Structures are given as structure tokens and as C-alpha cells.
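Protein chains: 4
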Amino acid sequence: MSHNTFGHLFRVTTWGESHGPAIGCVVDGCPPGIRFTQAEIQADLDKRRPGQSRFVTQRREPDQVKILSGVMTDEDGETLITTGTPVSMLIENVDQRSKDYSDIAKRFRPGHADYTYQAKYGLRDYRGGGRSSARETATRVAAGALARKVVPGMVVRGALVAMGEKAIDRANWDWDYVGHADNPFFTPDPASVAVFADYLDGVRKKGSSVGAVIEVVAEGVPAGLGAPVYAKLDQDICANLMSINAVKGVEIGNGFEAARITGEENADEMRMGADGKPVFLSNNSGGVLGGISTGEPIVARFAVKPTSSILTPRKSVDKDGAEVDVMTKGRHDPCVGIRAVPIAEAMLACTIADHYLRHRGQTGKQ
Amino acid sequence: MSHNTFGHLFRVTTWGESHGPAIGCVVDGCPPGIRFTQAEIQADLDKRRPGQSRFVTQRREPDQVKILSGVMTDEDGETLITTGTPVSMLIENVDQRSKDYSDIAKRFRPGHADYTYQAKYGLRDYRGGGRSSARETATRVAAGALARKVVPGMVVRGALVAMGEKAIDRANWDWDYVGHADNPFFTPDPASVAVFADYLDGVRKKGSSVGAVIEVVAEGVPAGLGAPVYAKLDQDICANLMSINAVKGVEIGNGFEAARITGEENADEMRMGADGKPVFLSNNSGGVLGGISTGEPIVARFAVKPTSSILTPRKSVDKDGAEVDVMTKGRHDPCVGIRAVPIAEAMLACTIADHYLRHRGQTGKQ
Amino acid sequence: MSHNTFGHLFRVTTWGESHGPAIGCVVDGCPPGIRFTQAEIQADLDKRRPGQSRFVTQRREPDQVKILSGVMTDEDGETLITTGTPVSMLIENVDQRSKDYSDIAKRFRPGHADYTYQAKYGLRDYRGGGRSSARETATRVAAGALARKVVPGMVVRGALVAMGEKAIDRANWDWDYVGHADNPFFTPDPASVAVFADYLDGVRKKGSSVGAVIEVVAEGVPAGLGAPVYAKLDQDICANLMSINAVKGVEIGNGFEAARITGEENADEMRMGADGKPVFLSNNSGGVLGGISTGEPIVARFAVKPTSSILTPRKSVDKDGAEVDVMTKGRHDPCVGIRAVPIAEAMLACTIADHYLRHRGQTGKQ
Amino acid sequence: MSHNTFGHLFRVTTWGESHGPAIGCVVDGCPPGIRFTQAEIQADLDKRRPGQSRFVTQRREPDQVKILSGVMTDEDGETLITTGTPVSMLIENVDQRSKDYSDIAKRFRPGHADYTYQAKYGLRDYRGGGRSSARETATRVAAGALARKVVPGMVVRGALVAMGEKAIDRANWDWDYVGHADNPFFTPDPASVAVFADYLDGVRKKGSSVGAVIEVVAEGVPAGLGAPVYAKLDQDICANLMSINAVKGVEIGNGFEAARITGEENADEMRMGADGKPVFLSNNSGGVLGGISTGEPIVARFAVKPTSSILTPRKSVDKDGAEVDVMTKGRHDPCVGIRAVPIAEAMLACTIADHYLRHRGQTGKQ
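Chains as they are written, first to last, in the numbering used here: chain A, 1 to 366; chain B, 1001 to 1366; chain C, 2001 to 2366; chain D, 3001 to 3366.
No wet-lab data here; the hints were simulated from the structure.
For clarity, every value in this text was computed on a predicted model and none was experimentally measured.
Backbone N, C-alpha and C define an ideal beta-carbon position, used for all residues, glycine too.
Among the hints, erroneous ones may be present.
Derived CB-CB ranges, DEER-like [claimed, not checked]:
1) 320/A with 3190/D: 28 to 34 Å
2) 1174/B with 66/A: 41 to 47 Å
3) 3324/D with 2054/C: 56 to 62 Å
4) 320/A with 3076/D: 57 to 63 Å
5) 66/A with 3152/D: 47 to 53 Å
6) 66/A with 1035/B: 51 to 57 Å
7) 2062/C with 1079/B: 29 to 35 Å
8) 1035/B with 2155/C: 46 to 52 Å
9) 2206/C with 3190/D: 49 to 55 Å
10) 75/A with 2155/C: 40 to 46 Å
11) 1165/B with 180/A: 38 to 44 Å
12) 2283/C with 3190/D: 36 to 42 Å
13) 220/A with 1095/B: 41 to 47 Å
14) 320/A with 1035/B: 38 to 44 Å
From chain B, some residues computed to sit far from chain C (all C-beta separations above 12 Å) [as the list claims (entries may be wrong)]:
15) 1011
16) 1124
17) 1173
Using the sequences provided together with the hints, build the complete structure.
Here it is, written out as C-alpha cells:
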């Protein structure tokens, strides 16, 4: 029910704004006995961290996670072991530039949540976007790092597959390349880097912005997770991806393409595999049939809109009803979709971890 | 948490399979004092009902709703008034043809949830698809008819905008035409009827099937509903639309198109309206910014896959691990997306009603 | 969250009023593969059913349960097997005497929920107490009959231990006697029957009423169910017992007595049992330490107030603010606590079943 | 659902153990625009803080609360205003004496949750009781300080009414005396202080411990909060009081006494008050009828068991199955019930705040 919590058995509550002292999350329901290190959490956080290339905001945040509860330290002094009680993680806000907000304190920035916050709450913390700040997503990544450990054998990865008018060539897909040091875009297609860089430089220099499409894949997910009606695995995946800032659409498997083809083309056929288990001959379903996982890779994609923080003045109004022009100065990402990749991985991992525990609860299956 | 419930304050629990004696829903949390008639609920149910044209399954179900609790009858003997306690609605299953299920009892139909049910539950009621039967959606429509009454002034409508390779011409959009007696497709474009009819006749005669894209719109939704992070209005709308059978993708506003354009093109500008209230000059956002409603129409679209019940034999396996070919006989819709229109309207109405109550709870705003 | 649902993984939603056509419940989250018969459900319902002695209300309701969904029938044609989808159960209201309600339509009966319903909802279905009718509890008993099957080896029993000023002699405790045909009170003390009968005849003849104390015990509950803080097993047991009509207090183990004694007297000591497992030398804790089950019997007690439906006129007011005297005519129980025994067993069984699934979900332990 | 969260619309999640770096809570769903100061939160925390008399544990914790999110600072630089987003509060653990835990690392202390933690989680953080430490309750008090502001005009107070074999004289009840500097017991009866002091000194010197009964009262609660069946106001109050460490029983209004009296004695009569509103002539119901508030003061009582940390050796077993004797050294309260008073006030305030928002959500009433 909570407005700031997602998940049911693996349950993540996040808190904090970009301009307060800290942000954080509480992960409740984590199974006891999960072993991890702070360095593993930090590694995921570092992937999301801004300031690592000219294509993302230059806000400098070390994003050092502190783990405040819910773990014991193993005898090696490093490995942490979950106790089954809530894991509280906190990240301090460091780079809060003292900035003059007077020009946006009263003005509603087009495309941002300024007007809607005011409409909802009757007041608004105009500094840094409040809960809608991209900083909040760091806490999701921390939670996701823990979620990855919950489902034995699960591997969750993501990649950027399109940016504005440019898209990757799927024939070049190389998962290993996504995290490569020379790849500032999380693209799986080495040939796309130069194209994206050139394109985004143009966007950035104009003070403009552009959207993106991200694909996330979870392998090693056992068949049977999810439920037929209102706890569909794909439904919860889509909901959690939609909860990421600026996401405007989500699809599973072949997604919107499924609307254009026939039943013969769409349904994935089955045969017996070498190991005596059923295998699917294709994966149009994206690993989910009737809301329940098939054992095939879970595949989802989502569209991120271009940030509305741009240099071109735009028509708007202010709190007092005056018509104004708004131009967003300051540090912003020309393509916020890039950093959505590790966030989406985290949301996918959390969703599947939750369903893994729910399935185990109802059926007793491990 | 429940696998068969959606919503938080306006909360709908559904139950039943197509081959049991009845299906039904319990609507909990409905405000007291809502006035409606059984005929209004029935009218919505009749829109979803199969057997009304050659383009939908010929299963004949009267779908007569019985209201079992949660209402008082007004002095006119007809108007029902909610008491604030749970409204239980029941629909009997009438047309359960005694059918020979022996050929599918053990076989997993490709593209259906047969294999995943077996993987999840370890057993499977093979008659009629269990909870995944489209019959379940009748109960959603009943709940949605009540939800429409919760938000004063709200109007929720839906239309089919594409079928397989064919799409409407949005320039012809006419809401009044959607419910027209000569329009078996819920299309808003009169010119599309002949095209769709011809196309779908071809599909039907081949024993094939085809997908569709549906658009739903809610007007009269006050600004301020939703929340910034994990209770985004658009997130919950997408989740609830994704919970409809066979839906593979969902988008809000301009959706996936947003990934392809720039911040200048995408952000909706604002001006003061004649009535002294802010107005948006466009609605790319689909009526939601930062997860909170803007007061503009809420616009969502989703893709429905073609049903996997087709006459062409398809490769599959059975419960015992034998490789088999499966061909689906029986009554099926060549385009299940058509009947998704009233279902989607219901889901949109329920989602917004829930958020209306949640917003009122937290902020006291009406 | 729902006002008419309890439980999280084993989740029960009830609906219906005593003067509508039916009442019912939906049990969601039940594990698949649970085997039971309709006769077993009915047997529990028959225990709660009114009209079986002169000490309970003479309303005659057959309370025949119909199982509408969520089960398959086994080959014996009788055994039902849960499929893992929602089990909907319905009980028709038969004995709705056409009664003249005009004298209570506007008057608030003291001790009843009439005034508070009006204050909450702004309207009130004055026929039969609405949701506060004891009839609602029949649906809990049906759900509880299923819950008993969820935890392997669990046995849940209850008994009346005090009625007004009279109490049983615990030295005479005989579980087998509780369900004896000559025992209209669910008392475990054979010697108490004559005492209670005499006492209650006096109460009944005066048109008065009296309260009771009920004890419920669950044996065979594995150690480890519950959680340390806000999902304490004893907390949820107390909450669910408090949800029964007219309950004013609940205690676990030695309960309020614990406040009067010392730490030496109160804490249960432990030794190793013959089977190599720890055993407790006493059970003051009532089978719960730190919110988690110990493996000892779970023991809870609760106080039921005397019904406020009595023949003596009492001062009250009506909807229009007039001061009135109210006397309750009609069929009523002189001691509503008697029928609370099977209801409390059901609530205890449901609570433990829910925690059994939650524990399994988080820890994987069976 | 969460094991570490309570409330639905006013929702409190707590985290932390006594031996980690900090404890804290996240309050989600708080209405926007609530004005408070950090000093107000601190004042409530100071009431619960140990080390303030010889009758409570000598652990010295400053319990300084830090407010990390969800608020704006008003122009006075001191008043905080809730923004409607989650309020995260953190309290550092300061007095973590480096202690030798080797003697309890493997031994299960009788009456404590040691054995049950091990049974549940398969591992156990033996330092300081983990989540079952009384320190966790500081975070509830912080949340409760905020909850007090949510319901306009509500005043929540508590008092100790019995300690072991000694009880107050209710005729001496003086709310003002409860917080008096010379009153280390939160007793409302000035004459009881000497009695309790003498009694508890005896208990303390023997290394023993004793239980207590606490009463909490909420005045100014509007009629209409709660619901008839599974969201009864008294049910949720009892559940939340039962969630406090060491509580073994809870009652509302006249509680267990109601089981001993007749309907004539028990039901509260009504008349019209001078202000034209109904008044109750007594309050046996404790301010709740049929699960819904009457407008009278809400009155609840609960029993706290004596702490099991005592100097007398007690029989137990250890993790390896050896039979051992356990004696608890270290800092402990001879009567943990004393400090339960501010905790119970907090839980009562949070429960009512939650129901206030839920009622407003469903009915629109303020």
C-alpha cells in the first residue's frame, strides 16, 4: 500500500531527497543467511553513479553505501550475512551545491512534476526535484544488489538498445561489451558507440535532450514464478519498470510487435530438451505465459522520455498564475536513459526475488 | 499482496473459473452513498459479452450479474445505494458445453499457460483455462461499472486503434461511433470497419488469429492523483492493464514515441486558461507527470497478442514428456483484443477510483 | 489493507449481511494440492450453527456451504483438491423472517454499532446488524476449516472456560467432552454443564445476557512461525480474535497473570527431551517467545461481552436527536460467547496457516 | 505485509538492532503540511530514554533523533513542515559497551527469543537481543510524536496502573502527576510512588523482576474511525499494543471484566448532550462499538511480563543440545513495564492516525 515501498515478501522502502542530508532504503523480508559484501553493493552503485563521462550529469556523488542493520559479519571480517531482519542502507548526499533556486521556486518547469506536486500536496520542496530526483534511484540499485543474491543462479543484465533516432544492431549483441570501460552507453553493440557519441554530443551542445529504449534480461529464473491474474510476473515487472523516472512505456517479450502478427507466428513451440526438460523453440513470450515464468529468459523493454531540463525557453505558468518562460540551467543528463540501465536491472532483480519468495510461500517449491 | 486482488482503498478481489458454477468479485472499500442500478452494471457487462458478432467467440453466456451484498435499495425500488461494506457480485456460468477435454488434459498448448500452471502448482485444471479464461474478465467489468461512479465527473472510454497490420486513421476519431450498433470492433474510425471486417474474416477463415492495440482515455480526472515514486498513477494503470489476459506491452501518453524525440518536442507547455486555471498546450505526457495526474485526459495504450488457439498444428510436449502436435479446436476469438476494450475501461476506472480515495486519505482533498 | 480481509499469504475476504440473499468468503493463496471434502467444511459450520439448544438464538439457518471455485474433484467424486486459485464459498441466507424494523430503523441500540455505523457511513442498513451480524462469522468458520489442512499435523481446539460469574474447574479438563452431544456450552469440564445451564436459564428468563471467556489451543505448530516486531505470531492471533464480534480483551499464555508475578516464576525453563529436541518445562509463554512460536501449544484466551440485545429498556437517542428508550425484542443469544468457540478455532487456524506460509516464503523451511 | 512495518495509510517501518551503528524508522503517508519541531520529537524520546532513575536500565543513550527526509524548514528556521513524502528518522547507538557475549552466544536464555530466533532463521545475532531489543521501541516513539499531530485535537496519554502485586488507587488519578519529575513510574496516583519504589527496590536487590499493567487513553478522537469486521479500531489498537515487547494481554474498555457482567450493566446508555450531540452516560466500551469509534475516549490496557533477565540461574539448553544453567548479568530493568508507557502512547497515536486517514479516504469525512 505504501507510496514508497514496492514488493511483498522481498520488500523495499526508499526515502530521501537529493537536497537533504541523505537518502536510503530498508529491505525487509530478505531471507536469512544470504552472504554478500559491501563491495558488491558498491560495485552496482558505481555503475549508476553520475559524473563518469561527459554524457551524464556532472554532479559528483561518491554514493558510498552504509549498511546499518540486518547483517552479521562473518569470521573473515568482510562477508556480511543477512539475519532475516530489515537491512537498512544509507547514502549521504555530498554534492549539494548551494544554488540559487529563486527562479524555479515558484515556476512550474514544463515536463517536470512541479505543477503536479503542487496540485497534490499544496506545497512543494522545489530544491532538486524532491522524491522525483534521479538520486532516489541509487537506493533501488543498493536493494537490487541484494535481490540478485536471493534467487540461486539468477543473472540479471541490461543494455541500452536505442537512443533517440539511433538504434543498435542486434546482430552485434555482446553482453560482455556492455560494461566495457570504453562504453559510456551500456550498449551491447560495439559499433554503436561512435554513432551514439556523435549523436549525443550534438544533442548536448544544443542544450537539448533525447530519450532511449532499455532492455533488461533475467536468466536462470525457474519456471512457476508469478500468478495467473493480478500478480502476473510480467505485470509486476512492468509496474516496477514504470516506477523508474521518465519511463513512458514497457513491454515484455516481443511486446507491441505481438499486436501485429498472427497466432502462428507468435506462440512459442516446445520440444523436449537433451536434459529431459521441455524447451521452447523461441521466446516471443519473454519468458512469461499466463503471468507465470516459463524458465526461459525474462525479457523486458522500456522507453525513457528525454529529460525536460533543456536550455531552450519553454512556455509555462507560475504558482501565482502568471505566464512565464522557463529555461533549465544546471547539471543535467542529455540522455537520462543511459543511467536507467543499472536501475532497471535492480528493479527486475527485486521483482523476481519477491515472486520467488511468494511462490515458495504458497507452494513450498524451492 | 493477494494474487487475486487489485487496488488498495478501492479493492477488487475476483474468483472463479469458466468451468465452475459461477464467477464473481468482491469490491471492498467503496465509499458509502454511491447510487447505481443493476442495469448500469449489466450494460457494461453486455458490451464485453461474447457471441455478439461473428468476430468473437460463439460461447453464449447471458452474463447476468447478481448483487449479493453491500447495498441498500432506495425507495424507488431500483436504485441501489452502497453502504460502505463489501459489494459481492456473482455471474453464473451457463454455457458449459460438455466437451471432451481428453486431448488437452495432458498436452501443453503452445502460447497458453498450460505448462506454466503445471510448473507452478504441480497440478492443473485443464478445463477452459482455469483462472486464465477470458470469462474472469467479466467480473472486472462489473467492478469497473461501480468504479466509474466513485470519481465525480470522470468519464472513461476505450477504443481499438489497430488490429494486426491494420490501424485506424486518428483523423476520423469519433467517440460516439465506438458503441455504434454497426461497429463490432469498438473502433472510433467509421472508415476502418470495412477494412477490419475484411481482414478479420480472412484471419478467421484460416483458423488463424491476430493481435490488436487498444487505447483507453479517462477524462475529468482531477490533478493530484498518484504519487512520485512507487505509487505512480501511470505505473498502477500500466500494471492493471498488463493484468489483462494476453497483454504484452503498455504505454502512457506518447509512450515509446517519447524515446525517439527531443526534450523540446516532448514536454507539454503550459498557459493560463480562460477560467484562471493552468492548461497544457499538448498532452504528450498522457495526463501524468512525475506519477501524478495533471488534470489533462489520462491516455494509455496496450498491445494484445493474437490468441494461441489456432487451427494450425503446433509443436509441443505433454505432461509425460512426449513430443506432440497441438491444434486447438473449439470456440475462440480470432482477435481477442476486440473484447479487451470494455475490460480495459474497467481496469482504468478502478485504478483511478483507488487513487482518488488514496489521495483523499493522505491529503484530505476531495 | 482491506477492511474485509485478513491474512497475507493465506488470505480470507468475507462479504455479506444477514438480510441479503447470501454471505460468503474468498480464500486466496491456499497452497495447491490440499485435499478436503465439503462434508468437512460443513461439519465445522454445523458446530457454529444457531438453533441447536435453548441457549442459543432460535434463528434457523441450514448454513449449507457451496464451493464455487478453486478446486478440482478427485476421481472418487467427493474429495476436493485445491488448485492454488481462490476458493469461493457461499452460504445462502434462508431464515430472514419478515420483521418489522420500524422501531429500530431510527433508534440507536445501546451497546450496538448502530450509532457508530451512522457516524462512519452517514447511512445504515438497520436490518439485522449489517456486517456486524453474527452470521458473518459462518464464513470465517468455512475458511478456517480449510486453514486447518494447511499446516501438517496441526490440531486446533477451543473451549468455553467461564460464563459470567461461573468458571470451569481446570482440573476436570477433558477435550473429548467439548464436542459431546450433551454439552451445549463447549465446556471442557463435565461438572460445569449443570452449573452453566442453571445459571444461563436464569439469565435467559430475565431477558438478560452474560459474557464469557473462551480458550483456544493449537497443537503441532512448528517452532519458528512469526517474526520479532510487527508480525508477531501472538500479535496476529490477538488481532484476529479481537476481530470477532463482542470481544473486549485477548491474552496469550498466562496473559494478564504475567503482570503480577516475577521473572523467576514466569520464564519457562528448558531441558533436552527424550527425542533429542529441546522441551519447555512449562508453557507460561503460551507457545510464543519474542513473537515466534516455540513448538509448544499455542494458547490464547479472550473475553466476550454480554450481548446488548436485552429485554430491559435502556436509554438512548435516535437519528433525529430525540431521547428514547430501547428494548430489543427478537431472537438473541443469552450468551453469545458460546458460539464464539468454533469461530475462534477458525481464526486461530487461519492465523497460523498464514504464518506458516510466510515463514516458508522467507526462509524456505517447511 | 511487511514484518517490520505497521499501519496502512500512516505507515511506519522500523529497522535496526541495539548493537549496530543506528536504529531508525521511515514514516510514510504522513499528510503534507504537518508542522512540528525536532524538539517535540525529542521530548517524547526523552520520556522513554533509559538511565533516568535507579528503576530502569543504566544503559546511557542520548537518543538524539536526526530527521533525514520528508520535511521542509519554515522561515523561522526551526519549524519543520511535512511534504507528504517519507519522513526518515535515525537515532545512533552510542552506548554499545564492549561486552563479552561468549556466555550467551550459544545458550538460549529462558523467556527470551533466543531459541525461537534460532528456530526461525537458522542463525542468530546474539548481541543485545537483535530486533527484540527494547531499543527498537525508541523509533516507535519518534513515529508516534508525528502521529499525534495528524488527528486535530487528539490527546494521547498513558499511565502505569499496576506493578506486580501492587496497583494504584484509581480514585487518586491525576494525569498531571504522570509526568512529574518526582514520579519515576508514570503512575497517575501520587500515593503509589512510595509503595512502588519500596516494592521495586526489593525486586531489584534480589536481582528479580516484575510485570506491570499500563493504561493508555486517547481523547478527542472523532466518532466513525474503524470498520465493522477486520479493520476494527480496537482490533488494530490491540494488535499494535501486542507488538510491544513482553506484552502478554490487551483489553479495550472494561475488557475481561465484560465477561463477568450482564448486558444491563455493560451497555453504555446514551442521551443528548448540551451541545445537541449524543453523549454516552458511561464508557464501558472504551470508546469503540462494533469496531468503530464512538467519540468517547479510547481506553486500552495491557499486561507486560517481567523481564526474563534475572540473576537467579535458570535451566536451559544451548545450540549444541547441552543442558545448561543461564543467569543474566548486565544492565536490565527490574520492571520493563515502566518504559512501556511512552511506547504505548506512540502505538496508540499511530493506530488512530492511520484510521483517521483511512476513514477520510473511504468516506471523505474530515
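TODO: Tell me, in ascending order, the numbers of any earlier hints that this structure violates.
DONE: 1, 2, 4, 5, 9, 15, 16
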